[in-house]
Amino acid sequence: MGIGSGSVDVSAVRHTLSDGRVLLDDVSFRVGEGARAALVGENGAGKTTLLRIIAGDLVPEAGAIARTGGLGVMRQFIGSVRDGTTVQRLLVDLAPPAVQEAWHAVEAAELAMMESDDEPTQMTYANALAHWGDVGGYDIEVTWDTVTVAALGVPYDRCKYRELSTLSGGEQKRLALEALLRGPDQVLLLDEPDNYLDVPGKRWLEERLLETRKTVLFVSHDRELLARVADRVITVEGGTAWVHGGGFASYPEARTARHERLAELRRRWDEEHQRLIDLVRTMQQQAANSPDMANRYHAMQTRLAKFEAAGPPPERPPEQKVAMRLRGGRTGVRSVIAEGLELTGLMQPFDAELWFGDRVGVLGANGAGKSHFLRLLAGQDVAHTGSWRLGARVVPGIFAQTHAHPEWQDRTPVDLLWHGEPGRPGVDRGRAMAALRRYGLNGAADQPFRTLSGGQQARFQILMLELGGATLLLLDEPTDNLDVLSAEALEEALAAFEGTVLAVTHDRWFARSFDRFLVFGSDGRVYESAEPVFDETRVARAR
Amino acid sequence: MTLTVPPSSPDSSSELPCSDPAVQQAVDRLRGEYAGRVRPQLVVRVVRESRRDLGGSPVGALPELVERLARYRLGMHVG
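These protein sequence lines map, in sequence, to chains C and U.
Going left to right, the first sequence walks through residues 1 to 543 as full-length UniProt numbering numbers them.
Going left to right, the second sequence walks through residues 1 to 79 as full-length UniProt numbering numbers them.
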């Protein structure tokens, strides 16, 4: 079987959660040979569960998975491995099952040889080595060498015992992706392969996915990557899945059309249902007066029962569009003025002026001081020289990456809204619930903040900005933990925001919505650009 | 674990050529090790038998496997 001859057929799959809730029902789709299918959906909709079912980790309650070709799986946790897993162990775990089995047999035989040198033990070891050769183990080791050189710049023998925890998230991802893309498996399941990759890394991933002949099913929240790579989009929503046969560019339109179609089908069903009920009622009255009508009445009753038993068509999925109301407000013409500003030890002095209504993207190298710059403008204590000031009536509101609010961790959204803080009056439960509903958070209103998903935490922070009446939004990687649909909603809200927006981002799709860019270079220079610049390398700093 | 050796080539022949490096290296080393305790001809025979029994093992791993097995067998012989 050659590369590119793999496929996945998912038919009528159903999965129920331990609390009895049906997560997925009647999920059917096919990822044909050489396809590059994206799996999208709101956080918690069941994307990872579906991947686990396809990978064979979970057995579906109903339905079946059929697959041709070997299966390679990259789990979401790769990139955040912090235990003692070695490079060698990762590569073994990504290899086909026969190779994994042979490797474990060799390892067990070697351990046994340390305990005993007798003849049976030696013969077991020799057999294990022979089997390792038979399953292609030596060829795979040559591939692993290519993989580690490509991903880490060192040969396999020099890094195989290195712990993954000593690698960056991007290096871990790159290692796993190189192994899968160069490995023998024809079908790849990739759960958020672009997480932890910087923009050049994402571009590399896009090129590799475009050139591979393997069949790929991947989960991603990066809209640029989706637009460039996916040739079909599978959406998990409303407890099932549907397929858009085109690319991501035409996806939003297709999704809206589907929702309208579902709503129309449901409306027609409801109308027909009501018509049958009315008929039954009319005939019931007629049957009381005329025995001839009794048979027709019973027939109509049966027809109604059958209609109801067949059930209504699927409901239009609940609207996931988050209704954000970032109102902002008029401020002075100049929102931010910086003169000879230098964050100590991070950059060369620079001048900048932000005008009311500006949409400025802050781009550049990791470690160049972008987040510190935002925190300074938010009024936090950041060491600097030079001067900066905010314009008249400018109220800054900062949206930091998750976990930036330790004081929120054990409090619930309702509690946080009820108490209020300087500049943000508290609201009663009813108003708090109404606000949370607009952000799709009413279901999580009474959960501690730390238990919310990354996307939910991000949406809650934006709600707090709205209620705080900010007129200068300082956003630090706001789309990082948002699913595709929430990110779209955030962009719409920002477009309608009357005020100034300054956002640190490496989301290329999001960056397109900005007017100009402030680039923090790896050489310490801060400069303005009309076009987004994503090629600044990481700042080299003695550690 | 050191697995980086060339792939295996099955060899079930009992008549092993003297030029077989796995045999040659093991004989050279074990002759010296067992000098005075075991006749040199016996060392050659034990090494060849070990090589035959290990037929099918990866060629690159054979020298180590053969020497190890032959040393164990000679050790058992001399007690």
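If you are wondering where the hints come from, they were derived from the structure by calculation, not from laboratory data.
Note that the structure is predicted; figures quoted are calculated from it, not measured.
There's no promise every hint is true.
Just a sample of chain C residues kept apart from chain U, beta carbon distances all over 10 Å, derived [to be verified]:
1. 65
2. 112
3. 123
4. 125
5. 126
6. 258
7. 351
One side only, chain C facing chain U, incomplete, derived with CB under 7 Å [as the list claims (entries may be wrong)]:
8. 120
9. 122
10. 129
11. 130
12. 421
Glycine residues also receive a C-beta, built at the ideal position from the N, C-alpha and C atoms.
Hints versus structure:
With a closest Cβ-Cβ approach of about 33 Å to chain U, residue 65 of chain C is found to remain outside the 10 Å limit, as its non-interface label requires. Every beta carbon of chain U lies more than 10 Å from that of residue 112 of chain C, the smallest distance being close to 13 Å; the non-interface claim holds. The beta carbon of residue 123 of chain C sits about 7 Å from the closest Cβ of chain U, which is not more than 10 Å, so the claim that it is off the interface is violated. Non-interface status of residue 125 of chain C relative to chain U is broken: a Cβ of that chain comes within 10 Å, the nearest being about 7 Å off.
With 10 Å as the threshold on Cβ separation, the claim that residue 126 of chain C sits away from chain U is violated: the shortest Cβ distance comes to roughly 5 Å. The Cβ of residue 258 of chain C lies farther than 10 Å from every Cβ of chain U, with a closest approach of about 52 Å, so its non-interface assignment holds. Annotated as non-interface, residue 351 of chain C keeps its C-beta farther than 10 Å from every C-beta of chain U; the closest such distance is 58 Å. Interface restraint check for residue 120 of chain C: the shortest CB-CB distance to chain U comes to about 11 Å, outside 7 Å, so the restraint is violated.
Of the supplied interface hints, the one on residue 122 of chain C holds, with its beta-carbon coming within about 5 Å of a beta-carbon of chain U, less than 7 Å. Because the beta carbon of residue 129 of chain C sits about 5 Å from the nearest beta carbon in chain U, less than 7 Å, this interface hint is met. Checking residue 130 of chain C against chain U: minimum C-beta separation of about 5 Å stays under 7 Å; hint holds. Interface restraint check: residue 421 of chain C against chain U, minimum CB-CB distance 58 Å, threshold 7 Å, status violated.
Of the numbered hints given earlier, the model fails hints 3, 4, 5, 8 and 12; all others are met.
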